[in-house]
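Protein chains: 2
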Amino acid sequence: MIYINSKNRLSDVSDWFKDLKNSICKEFESIEQEFAEKYPGKAPGSFKTRTWNYDQGSGGGEINLMNGRVFEKVGVVISTITDGKFTPELRDKIPGTENKDGFQSCGISLVAHMHSPLVPAVHMNTRFIKTEKEWFGGGADLNPAEENPDDTNFFHNNLKEMCDLYDKNYYPKFKSWCDEYFLIKHRNEPRGVGGIFYDYLDTSNFEKKFNFTQDVGKTFLKTYSAIVRKHMNKQWTEEQKKVQLLKRGRYAEFNLLYDRGTKFGLLSGGNTDAIFISMPPMASWE
Amino acid sequence: MIYINSKNRLSDVSDWFKDLKNSICKEFESIEQEFAEKYPGKAPGSFKTRTWNYDQGSGGGEINLMNGRVFEKVGVVISTITDGKFTPELRDKIPGTENKDGFQSCGISLVAHMHSPLVPAVHMNTRFIKTEKEWFGGGADLNPAEENPDDTNFFHNNLKEMCDLYDKNYYPKFKSWCDEYFLIKHRNEPRGVGGIFYDYLDTSNFEKKFNFTQDVGKTFLKTYSAIVRKHMNKQWTEEQKKVQLLKRGRYAEFNLLYDRGTKFGLLSGGNTDAIFISMPPMASWE
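Chains as they are written, first to last, in numbering that gives the first Met the number 0: chain C, 0 to 285; chain R, 0 to 285.
Simulated from the structure, these hints should not be mistaken for laboratory data. Treat each hint with caution, since some may be false.
[Claimed, not checked] Derived DSS-like pairs (lysine-lysine); straight-line CA-CA distance at most 30 Å:
| hint | chain 1 | residue 1 | chain 2 | residue 2 |
| --- | --- | --- | --- | --- |
| 1 | R | Lys241 | C | Lys41 |
| 2 | R | Lys132 | C | Lys241 |
| 3 | C | Lys184 | C | Lys172 |
| 4 | C | Lys84 | R | Lys84 |
| 5 | C | Lys241 | R | Lys240 |
| 6 | R | Lys174 | C | Lys184 |
| 7 | C | Lys47 | R | Lys99 |
| 8 | R | Lys47 | C | Lys262 |
| 9 | C | Lys167 | C | Lys17 |
| 10 | R | Lys233 | C | Lys184 |
| 11 | C | Lys241 | R | Lys174 |
| 12 | R | Lys99 | C | Lys184 |
| 13 | R | Lys47 | R | Lys92 |
| 14 | R | Lys41 | R | Lys174 |
| 15 | R | Lys132 | C | Lys262 |
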C-alpha cells in the first residue's frame, strides 16, 4: 500500500499507523494460536477494542487490549488528533508553538508484558506531530526480566541494519538516546537492554522520514515476534518469575516518574485508560 | 517516659520516634504470633533492621522491615538528620529557608500492606523539621481494598476524639487536608478512606504540639492494631484479593506521581531503599 496519496500528511501517516496496528494484532493473535497448550482450559487470546475520545478538541483513537496465554497483557493504542491544544505548561517544551498553541498528531504505542519471564517485555511507539513545525518520533526497546545476550544482539542488530539503510548516524545516535532516556535515575539502573529512541526528526525529506518510521514499525514486529516464538514454549522457574515481577516494579517506577508519554498524557488531559495501558498486569517491590 | 528533658528539641523528639518505633514493632510482632496458623509452614514474622546514612550531611536512620504472615510487608523507617542541606529546587518550597539552606529533622514513617484483603493497608508518618522556623507535621490514613464503614468510622472517631483534646478545629481541618492530599488527581479518586494530615504545626507552644504528635502515634497504633485483630483470621475470596491488588496499583500510582515524601526524598538525595519501602509487595493494573 502506498501511503503518500493525498495532500493531507496527517491522514496519510494516520492510515499507516492503523495498518500497522492491524498487522501487529493479527501477528500476536497468531502467536496465541501457535502456543503449545500449557494452561489447560486457557483459550488463545484475542484483542478487544475500545474507542476513546480526545476531550480537549477533536480526535480520538482506539485501545486494543489482549490478555492472552502468551501475552499476559498487551496494549496497542492508536490516536489521531485533528485539533489539539497544548496546556501552557506543555507548550513551552514543544517546538513550533511560539505563535500558536494548537497541534495535530497521530501515533501508535504498544507495550507487551508476557506470562513467561523468558520472553522479554517490549515497548514500541511511533508518532507524527504538527505544530508550526512537523516531525516524527518514536523507537522500540526490549525489557527482559534477565538479559539474554542473544536476544539483545538480535534486537539491536535488526534495528541497526534497518537504520543504516537511511543514515549511518541514525543507529549510534538513536541507541544512545534510548539508553539515556530509559535510565531509571534514582537507581542509576537501565529500564531494559535498550533499542532506539528518536524525536524531532524533521520532515525536510518527508517521504524518507515517513519510510523510516514505517520501517521502525515493521522491523519491530518481525524482530519481536521471532523472539517471542523462540522462547514462549520453554519452562521457567518460580525464581525467574519473581525476578520478572521485581523488574516490572522498576518498569512501573520509570513510567510513573519519568516517562514523557505518561506526563504528556496526564498534563494534556489525555485518556487515563490509554495512558495506563502500559502498566504491568502484576508487579512487585522488595 | 518524659521526653522534654534537654535543651535539644531535635534529640528529644527523635527519642520519642525511636520509642514509638519500638512499640509499633513489638505490637506488630505480637499480632504475627497471635495469628491462627493459616499458612502451614509459615512462621510468625519478625522485623529485620538495617541502618542507612544520609549522604548529603550528617544523619541517618533505620529501616525496619517485616514480611510476615499477617503483614505481607510492613516498613517502619526512622531518621534523624542533624546537618542537612536543601537542594535549590526544594529550598524554595520550605519555610524558614530565606537566609539558610540548612535544616535538621527527625521523623517516623510507616506503611503496612497486609496479606488479607479484609485488613486495610495503612500509612502513618510524624516528623519534626527545623530551619529558621520549626514545626511538626504528619498524619495517618487508612487504605482498605474495599471500604468497611465500621473500620472507617472507628479509625476516624478515634483520631477525632484525640484531636479534640487539643483543639476542636484540628480534626475537621486535618481530615479535609488528608482528603485533599490523598486524592489521585488523574483518576479523581481518593487513595483510601482518609484520616488526618497536618503540616507546619508551629511550636509556639512546643510542649502541646509535641504531645499532640505523640498522641497521633499512640492513637494510630491502638486503633490500627484493633482493626487488624478484628479481621485477620477471616476467610477471603480470590475476587477480594484481586480487588486488593488493583487498589495497590492505585497506591503505587499515588506514591510515584504525587507523594511529597517520595519527591522530597528523591530530590534531596535520600536513601532509595528507605523511600521505596512504602511500595506494595505486589500490585496489579487492569
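**OP:** Run the structure past the numbered hints and jot down the numbers of the failing ones, going up.
**Re:** 2, 4, 6, 7, 8, 10, 11, 13, 14, 15
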